[in-house]
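**Q** Protein sequences, first through last, are from chains A and B. Here the UniProt record's numbering is used: the first residue of the first sequence is 1, the next is one more, and so on. Here the UniProt record's numbering is used: the first residue of the second sequence is 1, the next is one more, and so on.
None of these hints come from the bench; they were simulated from the model. Honestly, I wouldn't trust all of these hints.
One copy or any two copies: either way a pair holds, since identical chains are not told apart in the list.
[What the hints assert, rightly or not] Below, a list of computed lysine-lysine pairs in the BS3-like style, where the Cα atoms sit at most 25 Å apart: (1) Lys50 / Lys367; (2) Lys535 / Lys520; (3) Lys367 / Lys168; (4) Lys50 / Lys168.
Protein chains: 2
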Amino acid sequence: MLGLMQGHQLTTSMLVEKLEGVFASSAVVTGPYQERRESTFAQVALRARKLAAGLDTLGVPVAARVATLGWNSQEHLELYFGVPSSARVLHTINHRLAPGDIEYIINDAQDDVIFIDRSLLDVLWPLAQRLPTVRHIVVIDDLPTVKIPQDPRIVNYEELLDGQEEVKSFEPLNERAAAALCYTSGTTGRPKGVLYDHRSIILHAMSHLFADSFALGHSDVVMPIVPMFHANAWGLPYAVALSGSSLVLPGRVSDPERLAEMMEQEQVTVSAAVTTVWRSLLPHLRGRELTSLRRLANGGGALPVELSREYLTTVGVPIVGTWGMTEASPTLTAARTALVNGQDPKDIDQRSLSAMCAPGYPNPLIKIRLARPDGTLAVHDGKETGELQVAGPTIASGYFGSCDGSESFTEDGWLRTGDVGVIDPDGCIHVVDRLKDLIKSGGEWIGSVELENAIMSHPDVLEAAVVGRPDNKWGERPVAFVVLRMNTSVSDAALRTHLGAKVAKWWIPEDIYFVDDIPKTPTGKISKKVLRDTKAWALTGSAR
Amino acid sequence: MLGLMQGHQLTTSMLVEKLEGVFASSAVVTGPYQERRESTFAQVALRARKLAAGLDTLGVPVAARVATLGWNSQEHLELYFGVPSSARVLHTINHRLAPGDIEYIINDAQDDVIFIDRSLLDVLWPLAQRLPTVRHIVVIDDLPTVKIPQDPRIVNYEELLDGQEEVKSFEPLNERAAAALCYTSGTTGRPKGVLYDHRSIILHAMSHLFADSFALGHSDVVMPIVPMFHANAWGLPYAVALSGSSLVLPGRVSDPERLAEMMEQEQVTVSAAVTTVWRSLLPHLRGRELTSLRRLANGGGALPVELSREYLTTVGVPIVGTWGMTEASPTLTAARTALVNGQDPKDIDQRSLSAMCAPGYPNPLIKIRLARPDGTLAVHDGKETGELQVAGPTIASGYFGSCDGSESFTEDGWLRTGDVGVIDPDGCIHVVDRLKDLIKSGGEWIGSVELENAIMSHPDVLEAAVVGRPDNKWGERPVAFVVLRMNTSVSDAALRTHLGAKVAKWWIPEDIYFVDDIPKTPTGKISKKVLRDTKAWALTGSAR
Ligand SMILES: Nc1ncnc2c1ncn2[C@@H]1O[C@H](COP(=O)(O)OP(=O)(O)OP(=O)(O)O)[C@@H](O)[C@H]1O
Ligand SMILES: Nc1ncnc2c1ncn2[C@@H]1O[C@H](COP(=O)(O)OP(=O)(O)OP(=O)(O)O)[C@@H](O)[C@H]1O
Ligand SMILES: [Mg+2]
Ligand SMILES: [Mg+2]
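Go ahead and model the full structure; you've got the sequences and the hints to work with.
**A** This is the structure:
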């Protein structure tokens with residue numbers, strides 16, 4: 001027997017109605033700051049409806065992939081709503097990927113149209129002749145100084161919208177229909193396509209309003225620094241359509257000083273980024289008036305407690321942890337900040353702060369389990385490690401396109417995250433390492449992330465990366481790459497002494513290389529693949 | 001094209017897994033306070049699984065209605081989870097209804113089993129021979145002094161669970177399957193059956209975690225005073241299974257002093273009740289240590305600002321508004337408290353306080369519109385009134401059982417709430433009156449709720465009710481029933497002077513009757529039906 005409820009479908013068009021309805025006057029600000037543009041949710045909704053009409057004009061079929069190569073901007077936001085609401089699939093592409101990867105992704109997705117910021121044409125143009133499925137290239141004019149190539153496929157974004165009669169009511173869609181496509185970061189191999197349905201987008205967006213997660217509310221001003229090509233900017237652009245929070249989009253800017261300026265000027269309350277960004281931003285936040293800040297969230301990798309502490313001291317709020325992945329819409333866990341909110345920063349002890357830097361507690365819609373190598377379940381005692389496996393309505397069931405990926409799923413359909421973790425008795429998740437980055441030394445595992453955190457707890461260390469180096473005797477031995485803070489110097493011996501007090505003796509790296517820089521992936525993660533594949537220990541010269 | 005996401009169904013069995021998983025150690029306390037019992041979510045989940053096995057033993061079929069006549073207690077909570085998770089339908093009955101209504105409801109629902117608190121057997125027994133579909137009556141032993149009748153249908157709850165092997169995994173269910181049945185309060189006529197599906201229960205529960213709504217989090221201690229037979233206690237028992245908040249259930253208690261004592265002893269943070277309860281509770285809260293309180297929510301009727309102010313002064317937090325109805329799971333709107341949280345009570349001005357006593361802003365999953373009598377849409381200017389109509393996945397599409405109810409839905413499937421309201425430009429909802437309670441005087445409408453609020457704004461008035469009395473000249477004229485505070489006296493003339501400054505002259509009641517008491521419905525609402533049907537103005541003697 002079915003219930004007698006309306007069962008309205010959870011689709012992005014529901015969000016468009018919020019944008020133009022109750023939240024019509026919420027603001028969308030686009031940077032860079034010197035070119036600040038302000039608009040409203042109502043405007044975004046109207047233009048999303050015009051965009052949908054434009055896609056009709058271009059003859060873009062239902063379910064066709066509409067790619068974007070863009071910064072975080074109002075136009076990108078219009079695409080976020082207009083494309084899926086009109087039954088097409090929004091395919092956001094990381095423009096920082098290697099050209100080969102971008103080409104692979106566009107062709108794997110069989111994109112029909114590409115929307116691109118004028119400032120990014122350079123990225124696309126060298127490939128433009130090798131994209132057989134792409135019929136149109138729509139240029140968003142964010143930087144008039146960039147030359148637009150002569151090509152019959154090129155359309156101007158504003159011209160496409162101009163004079164369009166907006167689509168007044170979107171065709172009803174099943175919430176399980178495909179809405180968006182994101183490829184994973186490609187940290188461990190080729191990027192893999194994740195095909196979100198409308199349902200997963202809405203349910204995930206709802207979770208950002210939860211008190212124990214981002215707790216987005218109407219009075220918030222949300223600045224996603226995480227790019228809109230990276231797992232839907234963590235779903236924040238969709239979440240604000242449910243909370244009515246204002247949105248601050250940095251636009252064509254990754255210069256940390258400009259970002260810091262925007263954060264201050266717009267009185268941002270919530271922001272989200274990866275560790276690399278937080279680190280580069282910090283010096284530019286000093287001395288600014290940032291009392292509006294309420295929650296700074298880290299994702300995409302481990303969060304060193306020291307970095308969070310520096311934020312706490314500098315801007316009055318700590319950075320807090322999340323754990324997620326493209327396959328999970330992406331947020332799986334979040335730190336609970338209820339215990340420290342409103343507390344005086346200096347009263348927050350190291351233990352509470354560490355707890356908030358951990359990935360935190362599962363999104364209530366998600367199930368998380370810990371699997372031993374033999375497939376049996378590990379216990380949640382805060383000690384036993386295992387592979388973290390996840391299931392729920394916001395989790396992928398497979399990959400789109402040519403990636404087989406069947407090894408990423410268990411027989412009972414759970415996603416194998418490829419992350420190794422432990423789970424505390426109270427449910428708090430800790431990520432120890434990626435399975436592929438674990439170092440096997442003398443038959444025992446060393447967690448590279450844990451070891452990195454131990455190194456970074458030295459006050460003079462800015463950043464550290466640890467990988468396994470093949471070793472005749474032990475199989476593998478850890479070697480560390482360490483970036484020191486400006487104007488400091490630490491000896492190899494001093495660092496070893498520091499580590500001796502933190503980790504088991506056999507965890508202490510075989511060699512420690514002091515370097516100026518650690519190679520990063522296009523999403524700002526430490527690229528251990530590069531460190532290993534290039535045999536960085538050989539390139540780096542001798543350890544000091 | 002469908003997305004490639006897992007699309008797990010949103011069902012109550014998902015919640016059971018939370019109870020026994022991440023939230024295993026959250027507490028459930030059951031009163032009355034002198035008999036305080038404490039248990040854990042894990043225990044509740046285990047017993048819900050045993051209960052499911054017990055229902056199998058009793059031969060209760062899939063989709064059968066399992067009725068409850070119970071207080072807010074741990075056992076009732078077990079029924080909340082065990083019944084729908086095992087594919088039966090939980091039918092909670094208001095034991096304060098007139099016997100005729102209870103009989104009607106049980107037979108209309110065709111209940112297969114009734115679970116009843118021993119202390120409530122008196123309510124059921126007079127009807128027990130007129131319930132042809134009821135095969136079993138399961139008694140929860142909350143009060144050993146009550147005699148249990150001899151009847152072959154009687155089973156003891158603990159005996160039913162004892163020795164049961166718990167149902168280890170519930171059969172997968174479609175989220176649109178019926179999960180629970182609640183009848184409306186019967187304020188305007190016969191109670192009407194609302195058949196919730198699993199989906200509506202989960203989506204509604206999620207909304208209680210939203211920052212701008214109840215903002216339930218893990219550190220909360222939630223005490224629903226609103227009965228578990230009234231629209232699922234506003235869905236709070238389901239919401240805590242997503243937030244992990246502890247739950248305080250008053251049990252066999254409606255004595256305000258005992259409730260106040262529990263609130264203090266358990267360090268409650270969030271509570272929910274109707275105005276009548278808030279009013280009776282207030283004197284017993286004075287002088288208690290209640291700094292834990294964070295949000296007190298009112299529902300089921302208008303919230304007078306003066307009452308909220310008294311709470312603000314007495315316990316440090318105001319009561320805040322919600323608007324809802326059984327047909328809507330039930331919460332439709334909630335006040336945003338972000339602006340005043342953490343503020344010193346004396347700094348909260350009357351305007352902010354009024355704003356929080358209004359029904360507030362729509363649950364993000366809900367659409368609300370304002371319809372003119374001719375069906376066209378009214379504007380949201382904070383002035384034009386119209387019928388509030390609502391749509392969304394947590395809203396009924398029809399009624400269960402013999403109630404036709406087609407007049408409660410528009411042609412395009414929206415629920416006609418029967419409430420008249422205005423909508424502010426920023427989306428805030430105000431309820432002016434029920435359509436059925438509006439008073440038509442000389443061809444113009446008078447909102448009885450607005451008029452009551454004006455009367456109650458007099459410092460010596462405790463409570464007021466206004467209804468329309470047939471009038472030869474004007475069609476109808478308002479008459480008021482007023483309860484004064486203890487040891488005060490106000491003259492008719494003084495009250496009229498007070499009103500003169502607040503409402504239009506022709507709104508001033510024809511007669512004002514000073515009474516000791518205003519008739520209430522079984523859910524504690526003012527019964528205007530009784531006032532009108534009994535021609536209370538004639539019974540009440542002369543106006544002072
Ligand atoms: N809080 C965290 N702590 C440690 N690692 C994290 C955290 N959050 C995310 N990660 C890492 O980031 C991964 C998800 O990143 P993303 O989906 O962007 O692609 P990727 O896994 O880096 O790339 P690919 O799957 O293509 O190799 C997680 O699987 C995990 O390894
Ligand atoms: N904040 C509020 N302000 C004014 N009235 C409210 C408010 N919240 C709820 N109500 C009233 O309560 C009604 C919902 O109550 P409920 O579902 O318990 O049954 P009922 O409408 O009283 O009974 P019935 O439908 O059987 O006549 C709403 O339709 C509205 O009239
Ligand atoms: Mg990955
Ligand atoms: Mg009603």
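**Q** State the violated hints by number, sorted upward, taking the hints as numbered earlier in the document.
**A** Structure breaks no hint.
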